[in-house]
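Chains A and B supply the protein sequences, listed in that same order. Heads up: the first sequence at position 36 corresponds to 36 in my numbering, and the numbers run straight through without jumps. Heads up: the second sequence at position 240 corresponds to 240 in my numbering, and the numbers run straight through without jumps.
Think of the hints as simulated: they come from the structure by calculation, not from any bench. It is possible that some hints are incorrect.
[Claimed, not checked] Chain B side only, calculated, beta carbon under 7 Å to chain A, not exhaustive:
id, residue
1, Ser63
2, Asn94
3, Ile279
4, Leu280
5, Phe284
6, Lys287
7, Asp387
8, Arg388
9, Glu494
10, Leu495
11, Arg499
Keep in mind it's a predicted model, so treat the numbers as computed, not measured. Note that the Cβ used here is the ideal one computed from N, Cα and C, for glycine as well.
Residue-level listing of the chains:
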Amino acid sequence: MTLSNVSVGKRVKIKDLKTDKNFRKKLMELGLFPGQIIEIIQDAPFGGPMKIRVKDYCIALRRDEASGIEVEEVE
Amino acid sequence: MSKTIKVALAGNPNTGKTTLLNAIAGTNLRVGNWPGVTVEKKEAVVNYNGYKIEFIDLPGIYSLGNQTAEEKVTIDFLIKEKPDIIVNIVDSTNLERNLYLTVQLLELEIPLIVVLNMWDEAVEKGIQIDVKKLSELLCCKVIPTSAVHKKGIKEILDSIIELAEKPKFIQCTHFESQVETFLLELADEIRKKQPILFDLFPKRFLVISLIEGIDLQNFGIEIHPDILKKAEEIRKKLEKLYKKDISSIIIEERYSIVISIYEQCVKKDTIKDVDTTLILDKIFLNKIFGIPIFLFLAWLMFEFTFELSAPYVDWLDSSLSNVIANWAYQGLTAINAPEWLISLITEGVIGGVGFVLVFVPVLFFLYIFMGILEGSGYMSRAAFLMDRFMSFIGLSGKSFIPLLIGFGCNVPGVYATRTIENPKEKILTALMIPFMSCSARLTVYAFFVTAFFTNHKALVILSLYMLGIIVAVTLAFILHRSYFKTESQHFILELPPYRIPTFRFIMLSAWSKTKAFLIDAGTFIFATALIVWFLLNVPFGVQSKEDSLFGHIAKVITPIFEPLGFGHWEASGALITGFVAKEVVLSTMGNIYAGEVVEEEQQKIGIIEGLKEIGVGFINANIEAGKKLISLFGLISNEEEEEPADNTLLNAVRKEFTPLSAFSFLVFLLLYTPCMATIFAIKQELNSWKWMAISVMISLTTAWIVSFTVYHIGKLIISG
Ligand SMILES: Nc1nc2c(ncn2[C@@H]2O[C@H](COP(=O)(O)OP(=O)(O)O)[C@@H](O)[C@H]2O)c(=O)[nH]1
Ligand SMILES: [Mg+2]
Numbered sequence: 001m002t003l004s005n006v007s008v009g010k011r012v013k014i015k016d017l018k019t020d021k022n023f024r025k026k027l028m029e030l031g032l033f034p035g036q037i038i039e040i041i042q043d044a045p046f047g048g049p050m051k052i053r054v055k056d057y058c059i060a061l062r063r064d065e066a067s068g069i070e071v072e073e074v075e
Numbered sequence: 001m002s003k004t005i006k007v008a009l010a011g012n013p014n015t016g017k018t019t020l021l022n023a024i025a026g027t028n029l030r031v032g033n034w035p036g037v038t039v040e041k042k043e044a045v046v047n048y049n050g051y052k053i054e055f056i057d058l059p060g061i062y063s064l065g066n067q068t069a070e071e072k073v074t075i076d077f078l079i080k081e082k083p084d085i086i087v088n089i090v091d092s093t094n095l096e097r098n099l100y101l102t103v104q105l106l107e108l109e110i111p112l113i114v115v116l117n118m119w120d121e122a123v124e125k126g127i128q129i130d131v132k133k134l135s136e137l138l139c140c141k142v143i144p145t146s147a148v149h150k151k152g153i154k155e156i157l158d159s160i161i162e163l164a165e166k167p168k169f170i171q172c173t174h175f176e177s178q179v180e181t182f183l184l185e186l187a188d189e190i191r192k193k194q195p196i197l198f199d200l201f202p203k204r205f206l207v208i209s210l211i212e213g214i215d216l217q218n219f220g221i222e223i224h225p226d227i228l229k230k231a232e233e234i235r236k237k238l239e240k241l242y243k244k245d246i247s248s249i250i251i252e253e254r255y256s257i258v259i260s261i262y263e264q265c266v267k268k269d270t271i272k273d274v275d276t277t278l279i280l281d282k283i284f285l286n287k288i289f290g291i292p293i294f295l296f297l298a299w300l301m302f303e304f305t306f307e308l309s310a311p312y313v314d315w316l317d318s319s320l321s322n323v324i325a326n327w328a329y330q331g332l333t334a335i336n337a338p339e340w341l342i343s344l345i346t347e348g349v350i351g352g353v354g355f356v357l358v359f360v361p362v363l364f365f366l367y368i369f370m371g372i373l374e375g376s377g378y379m380s381r382a383a384f385l386m387d388r389f390m391s392f393i394g395l396s397g398k399s400f401i402p403l404l405i406g407f408g409c410n411v412p413g414v415y416a417t418r419t420i421e422n423p424k425e426k427i428l429t430a431l432m433i434p435f436m437s438c439s440a441r442l443t444v445y446a447f448f449v450t451a452f453f454t455n456h457k458a459l460v461i462l463s464l465y466m467l468g469i470i471v472a473v474t475l476a477f478i479l480h481r482s483y484f485k486t487e488s489q490h491f492i493l494e495l496p497p498y499r500i501p502t503f504r505f506i507m508l509s510a511w512s513k514t515k516a517f518l519i520d521a522g523t524f525i526f527a528t529a530l531i532v533w534f535l536l537n538v539p540f541g542v543q544s545k546e547d548s549l550f551g552h553i554a555k556v557i558t559p560i561f562e563p564l565g566f567g568h569w570e571a572s573g574a575l576i577t578g579f580v581a582k583e584v585v586l587s588t589m590g591n592i593y594a595g596e597v598v599e600e601e602q603q604k605i606g607i608i609e610g611l612k613e614i615g616v617g618f619i620n621a622n623i624e625a626g627k628k629l630i631s632l633f634g635l636i637s638n639e640e641e642e643e644p645a646d647n648t649l650l651n652a653v654r655k656e657f658t659p660l661s662a663f664s665f666l667v668f669l670l671l672y673t674p675c676m677a678t679i680f681a682i683k684q685e686l687n688s689w690k691w692m693a694i695s696v697m698i699s700l701t702t703a704w705i706v707s708f709t710v711y712h713i714g715k716l717i718i719s720g
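From just these sequences and the hints, can you work out the full model?
Laid out in structure tokens, this is it:
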């Protein structure tokens, strides 16, 4: 499952980052590394970016970029 | 002589760095750009306890990399300029992510002070941070502050002095011991082969960078090949050991330091109060209402910027031309100054000052509103909502507002790109703005449609606006796909909590940015206006514009416009003055076609009388602005009267132009170049003469090609 098809309100755990090297580095530095739990808060209209919460803050990612982030559901 | 201490402020975006610098420095703040890049630079000098403390506000960054322009500026400054002290501002409510940068800054081995800003918010949210423990674990001073409430400022200044008197740095954050062993191994190799590197770079930073394989070339030093070989060897070993790529290993090492510190120092009350940001985002980012709300706010901002500033623009204009120019005239005639000098002062100099000053109210209002949108955290919501529509031409949602403002006036439009951090997006947006048809151009369209297209007024004007947008979008699309193709800018947008920006802070920063305009672009605009005055008046005493230097130049360039359908010198002359400001195109035409304007009767204005006029005018401007503010919300309807067009000019223009050549002329006028003020604004905001030149070249060639096409297709249609 990738982050791009997780629905709003769900909490998931990052499994792997299948993105290019620079972007992976960026994501990890922001705390989005494998093992981290994140929550999908909201998504933008017309298939725009999605707002997710990680640690104590929120960021937005575009859908095609989120599709490189593999996640698994947590209870 | 007092001792100077160089202090760099570093931290994540939205942690309150600028607010803190404002609280420390007040009006001493200077805004500029980092050399060679489009990244904002803020500096301030503060005298405190016999020391001169120089503060430099570094760009907000999440990590010390070398990927974005902001990161490059930061690392370059920290390594090359070696500040005495780094003040690391962190957001207490978001400590975990913020501490990542702190751990990286500690690798630079520069004395560090950690400032826990937003302390008030942390308290409110029930986040308890053990300051003493944090200070012990990081081995540096930790100070809780609240920049908006000016709490903790004195403690920061005192700690800076203390640390400057007794510089102290202890490295006490470490990676796992097997990684540390490798770091030592590489350090040994450097000591043997090229010890000078230790003088140029902080030791820990150097070793980690080499192992990670980060390019240090741009610091202008060749690394010994043996060292590079050794670093690669270690990298391979580590990657094999951890079964991960080296960057992941290092980032996770840093984060494990962060997490361990975080867990020891931070406690959260379980009873959490309502999260206002979450609720507000339910409204502002709503799938249905989000975009309409944004469009409403954008419209409000447009009105706010232009409507509210208009009375002040008028006031400045009339004070200068009615009072100041009059005084100058009286003074100069009293001392029998020659005619040309009187003209130079009253028209050239005072006129040039006017060209600059009319932008001041507009920019000031713009900066206030932008400051509110940005400081509250709404601007990143705008980017979130509009991303879908802007990303195909390489822009993010943040470009929308500057482009919209451009329809009012291109100059504030260009300055509104200040909120775009990404240099590529900023450059693209600034290059698009000249094609947004501003209201000054509208005055010319309005005149020409009255002369030629009485039955299709709205259609013709609308087609021009659309044409401008199409050209801008095409240009951005082409540049995005060609020049900026290699730029792989990933979209990561933080959505910070909503905060209430402080009034004082917004006024201060609006003022310092307006001041920066006066000093930078203002100088060039003034100089250009003077040059144009010379062109119009040389040789001195010329009676008709046709015989002036200006007339000669207009005639020389006229053939260029022959293929576009308006190859007469009057038209090219109007275009030249249109470069100064579009507002003067019509008056130039009136001047040329309808002959000399009758000299207005100059009435003498005394000192008291003049001062009174200025003062009363200012009060009236305030009242007028107040009325407009109310009418913005629809309480008073504000009717604007339309000025009737000048009949002699209408007839003259009808003789010279055909409807088709008139339309071609309007197309050219729309595209060829906004005005000198916009051009210098681009130069100032992009911090680059190169981009300014490129913008002008693009405008001129596009204008010619499009007008040519329009004219010839039109001819085909008419004849066919
Ligand atoms: N509650 C609170 N808000 C703050 C504090 N410091 C700054 N802010 C607000 O946080 C927002 C971002 O501040 P700014 O200085 O622009 O952050 P920068 O991006 O780091 O320069 C503004 O709305 C400030 O008013 C603080 O100590 N407490
Ligand atoms: Mg700032």
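Quiz item: Which hint numbers doesn't this structure obey?
Solution: The structure breaks hints 3, 4, 5, 11; every other hint is satisfied.
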